[in-house]
Amino acid sequence: MPLKTVATLDVKRLEILSPDGAVDESLMPKVKDELLLKMYRMMRQIRSFDERAILLQRSGRLGTYPMITGQEATQCVPPLALKPSDWAVPTYRGGGVYFARGMQMRYALLYWAGDDRGTHFPDGNRDMMFSIPVGTHLTQVMGLAWAEKLKKKGGVAMTYCGDGTSSKGDLHEALTFAGQFKLPAIYIIENNGWAISVPRSRQAASETLAQKAWGYGVAGIQVDGNDPLAVYKAAADAVARARGGDGPTLIECETYRMSHHTTADDATRYRSDKAVESWRRKDPIVRMKKFLVERKLWSEAKEKALAVETKKWIDEEVAAYESFPPPNPLDMFANNYEHATWPLVEQRAQLEELLKFKGGAKILTELPPAEGRFP
Amino acid sequence: MPLKTVATLDVKRLEILSPDGAVDESLMPKVKDELLLKMYRMMRQIRSFDERAILLQRSGRLGTYPMITGQEATQCVPPLALKPSDWAVPTYRGGGVYFARGMQMRYALLYWAGDDRGTHFPDGNRDMMFSIPVGTHLTQVMGLAWAEKLKKKGGVAMTYCGDGTSSKGDLHEALTFAGQFKLPAIYIIENNGWAISVPRSRQAASETLAQKAWGYGVAGIQVDGNDPLAVYKAAADAVARARGGDGPTLIECETYRMSHHTTADDATRYRSDKAVESWRRKDPIVRMKKFLVERKLWSEAKEKALAVETKKWIDEEVAAYESFPPPNPLDMFANNYEHATWPLVEQRAQLEELLKFKGGAKILTELPPAEGRFP
Amino acid sequence: MKTNPPLKKAAAAPAPKTRSLNLVTAVNEALDLALAADERVMILGEDVGRNGGVFRATDGLWKKYGDERVVDTPLAEIGIVGGAIGLAVAGMRPIAEIQFDGFMPAVFDQVVCHLGRIRSRSRGKLSVPMVLRAPHGGLIHAPEHHSESPEAYFCHTPGIKVVIPSTPYDAKGLLLAAVESPDPVVFFEPKLLYRSAVGEVPSGHYTVPIGKARIVQEGNDLTILTWGAMTVTSQKAAKKLAEEDGASIEIVDLRTLSPVDLETVLASIFKTGRCVIAHEAPNSGSWAAELSALIAERAFLKLLSPVMRVGGWDIRMPLFRLEQYYIPDADRVVMAARKALNF
Amino acid sequence: MKTNPPLKKAAAAPAPKTRSLNLVTAVNEALDLALAADERVMILGEDVGRNGGVFRATDGLWKKYGDERVVDTPLAEIGIVGGAIGLAVAGMRPIAEIQFDGFMPAVFDQVVCHLGRIRSRSRGKLSVPMVLRAPHGGLIHAPEHHSESPEAYFCHTPGIKVVIPSTPYDAKGLLLAAVESPDPVVFFEPKLLYRSAVGEVPSGHYTVPIGKARIVQEGNDLTILTWGAMTVTSQKAAKKLAEEDGASIEIVDLRTLSPVDLETVLASIFKTGRCVIAHEAPNSGSWAAELSALIAERAFLKLLSPVMRVGGWDIRMPLFRLEQYYIPDADRVVMAARKALNF
Ligand SMILES: Cc1ncc(C[n+]2csc(CCOP(=O)(O)OP(=O)(O)O)c2C)c(N)n1
Ligand SMILES: Cc1ncc(C[n+]2csc(CCOP(=O)(O)OP(=O)(O)O)c2C)c(N)n1
Ligand SMILES: [Mg+2]
Ligand SMILES: [Mg+2]
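Chains as they are written, first to last, in my numbering: chain A, 39 to 413; chain B, 39 to 413; chain C, 644 to 986; chain D, 644 to 986.
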């Protein structure tokens, strides 16, 4: 048979919890009630956090900020399948990922306020910074997973990229290595329908992004990214496979960016409200709440208590964020090398000169404390 | 059905002419006898050329040279599906492609002798230089195809990359654009089993390289790259699709590098003769000859005549190559800009000074003719 | 066979009138004129279409010229620049946009290995008449990797030209010159000046020649060589030096970084004998080093004091709360100038 | 929590003996010692494994240390360098090889955006102790894109160190120092010298400190600053100048380009008052420009003549038949030195 089929593939899509709260019990992952509640609480909290952050930006108390709203399931749930000693690396939009990893959100605010001290992960965790040039972290996370494989202690590395970013060659090289060396890596494509103003349909002309996996001998699956249970199952399965030595997985989470790209963007220039509305019906928080209420795990009373608790938490984080002293300009010279090179020593002194020129010799004693080590 | 199949694909492999010369008539492309003979003659001639080039290099009359032997069908046949006004861009190993496009092979020799004058395409053709940093031409050829689409005159662009090169992110970005904009592009992966010492199995862990196409909404097919008829059919179909506005195709030609990577390489360091032997059975020239003899299109008498003609042709090309005057050093300053910038004018004068320093003022009048325009 | 015949020029406006425009509007107007003049011109990049660019540089053009000529591409910079190279080789006149300076390293491979080499590798048969546009520099409180000054990487790369205007007039005229250039031009736009630089701009077609610097102000005691947004900073410094030191400062805005207008530079140095070079990039290995070296080679006996460089520090640009301590401000230029003046 | 504790050092050989080795063998010996000393050390790249590298720099190591520690990777440079960054962040000590200088632009994105920034972005929590090795320079009659000198791009990039030895002794000692460095090191190896440079090399472990230049020969009339294979060319030029002009030439082989050993450089200039900088890269915007600028800033009153630069032309490196007219030879260095001496 000379025109023969040499390979065949199906791309599967996983959905467990429908938008109206119905569950496919046959696929339901075995998870404790606490975990279900944790998913809900986190999604609820990060949504409120997001709303506050936007307000802060609008009132001039924060810099450009990328919105999370709508993507809570995709962001908050997969990290729950990890141990702290596993690696997690989100995209720049991934506040929900860092939150799920236990980062204090005052630092997220500080970062988006343009303060380098905002990069601050919980001790003991193995988190890495997202990369602003999108996709450039993808091969690095492959390297993290590679190190875990070599250490043979079952560690894994999870990372994210957007639907837009899936067009970057970085993903290709990362998946080529990950597939080739069977690395314990989980790649999540956070397909929120948009790359700033460019719709998903302007990226790869493939039916799904999940099917890219096949080109690398990597397992791939598409998931309803607004379905916390499906997202959890896909992530947990992928983590288990990775830990078990069965290699990487590419998970496409289909979700939606409900707001502007960032606070610097105006989405009304390029998209209609209609599409957004159709996605509002699929809100991950709403459906999770229905599910929990159905299971008697949640109630309006608990909802109210959570709202109060959340407000208090956010107030505290905002207050903590705003009470950081201004950064010490000299601090930028810290931590560039293990031991600062002579140009940095000289230049730091020049910056001191500048500060004195501006504010007199006394100014150096009045600077806020420097945080970093020098030289 | 919540775990549902959202996309399915079969990867097909095309074979028409078996190694022992049997033909699948049902798939046999409709081609004139002259074209069949042309394929054979070209493959035969480029094989002999390759052998001579190696001898030249071994005797110090040529620089590092990349061997073609074994890959004649993959290289010489697809360009025959193009018009001269279509674009063709091979890899650095693609002497057979340029030959099929009508390039005088004295120039190929000149190029591998380290002489910039070796880049010399037939007038009227639209050929572009291969790129030595492998894969970096892939997005450029996408751009060539894009221009052809915009000009709406049915032009297409064909290019090649190796199995190793298919791991580069460049291919990902090229296919993403090509699929997205339905560009009239034909991408041929010349899978010869090796990237220098690294086997095909060390690149993507996918069963085939053809299946990568699916990730970009691009048509993909695997072909027996040593089967000239299958290669022709796949290429001609892809060209027709491209011309007809149906977008790009990725063709994986599975062939084999029968010799060293280049004359600077020693393949015995990393591969056994056994694999090579098993591929000798699949030689594209041997099988094409069987086929043509069977069809009464070829005979031993014709074979002998071709051998004589080929030797004469190669002798002429080598003689022409070796009778090029040495290059004029000042020529390197030509053609860097439409009008040379002042640093180049100054520096060219400095090079004149250097030449005078070495050989006296007279030397400038004794230089071989400069070819390029300056300033 | 000429693959790439010269660009059709937009007709000069019959009765050009001069309006006050900001720099980004001037860029937009140049793009509009170029698209209108020759149908080979096209724009490609991320968000350049329907959205009109994140800085609105391409505002309105997608609507006016359609989806085939003002193209929102997939998010893939190698694709954008490699694609533009192919388009240009095949006869189009692409204007490719990289959304921010900080994402240009992704395209170095295309730029270093190909952009400036194709004409020479093809022995003059092929050429790459394209423009690679990108915003440049800091001080707009942008996120990380959005405030970079990568010009030195490009200036060290043969076969291309590198341009950076600092006024609306120059932005329009240089961009039209870049689009008409038969050779590839990397075109930086100082993003701090997109809206803050406002100036008189004639309607209709005109060009500002690539390779010619602009004397911003004449002076006799010291030359400030600068480019991009630092031109404005340098003007502030010059004012302070005039007021407080009574110094007469000449400011040269290079406008074209490569090839640099050495004639103008040297004429100024020959006059003043003292020089400060002010720019935003990490100072070591910056384009200021090349200028300093050129001056040392060619004005050795005219120099009354060492050429001083004032640039960014040799560390990554910090997040924006500290950017004003990273990018030289007028005080730093003043300090350097005083050192030179009092040498 | 220290993610990356210091490297275990190979024990110094109990009775080190000195052998005559060529440069590539010295590189191989350093890699072998590093792999033996600490199991976190690994090598990755194209053809570095079974084939032992296209120059044989990794010969025998795959067999000795196995496929997990000496890894033939897929053909994907972003994967190699991005992967190595991740490996280093997670505690390994990767030594990544890019097969030729001409393919380094593909990894600029990782280098410029990440390699030197991770320590600072993570506020010291993460570090990237890796080595990025690549052959450097021309004159071995190699194909196109195989004879490049891209060091300026790296020297302008903060957060990394850039090293290039020119003797077998330095190659081994600097490479061991690079592997032990807590910060990323870009390590260039002059391919012309791989086999042609032969010298005494002690067995066992030793390091040559990063950041220290080497006085190749002392002299009083003029300083030649140089690096890589041009060190040998400079020696030829110095010989000619001594013989024909009676000039006493000091040659400084920088060895580390960034951070440069300014102390040694300035001490030499203070002594001689005249300087030629010899290197292979396109001259405009090269690292020679930075050196010239530094000297102008700090030795202004000591200079008896302008600092002269002798580099490649500002065009792409031609194919190899003309490479000897592109890369400075001893005659060009002599011509420049004479200009400086007779100024
Ligand atoms: C390499 C690179 N190119 C361009 C940008 C500018 N940019 C920032 S976000 C963005 C869109 C990203 O889209 P996607 O990957 O889908 O992520 P999302 O914003 O939807 O989360 C773009 C183009 C960038 N940050 N990095
Ligand atoms: C970007 C880049 N990396 C590395 C090399 C060095 N190199 C030259 S050919 C080659 C192998 C190419 O393998 P493949 O793509 O399969 O093509 P083949 O040689 O088999 O025709 C390598 C690694 C290169 N030329 N370009
Ligand atoms: Mg998106
Ligand atoms: Mg191959």
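For the record, the hints were derived by calculation from the structure and aren't laboratory data.
Treat the numbers as computed from the prediction; the structure is a model and nothing was measured.
Yeah, the Cβ is synthetic: ideal placement off N, Cα and C, and Gly gets one too.
Mixed in with the good hints there might be a few duds.
Covered by chain B, according to a simulated footprint, are these stretches of chain D (three or more residues, beta-carbon under 8 Å) [to be verified]: (1) 738 to 751; (2) 895 to 907; (3) 966 to 978.
Outcome of the hint check:
Only residues whose C-beta sits within less than 8 Å of a C-beta in chain B count toward coverage, and the stretch 738 to 751 of chain D has 4 of them, enough to reach three; the restraint holds. Given a C-beta distance limit of less than 8 Å, the hint that chain B covers the stretch 895 to 907 of chain D is violated, as 0 residues qualify and 3 are needed. By the rule of at least three residues with a Cβ nearer than 8 Å to a Cβ of chain B, the coverage given for the stretch 966 to 978 of chain D holds, with 6 such residues.
In summary, the structure is inconsistent with hint 2 from the numbered list given earlier, while agreeing with all the others.
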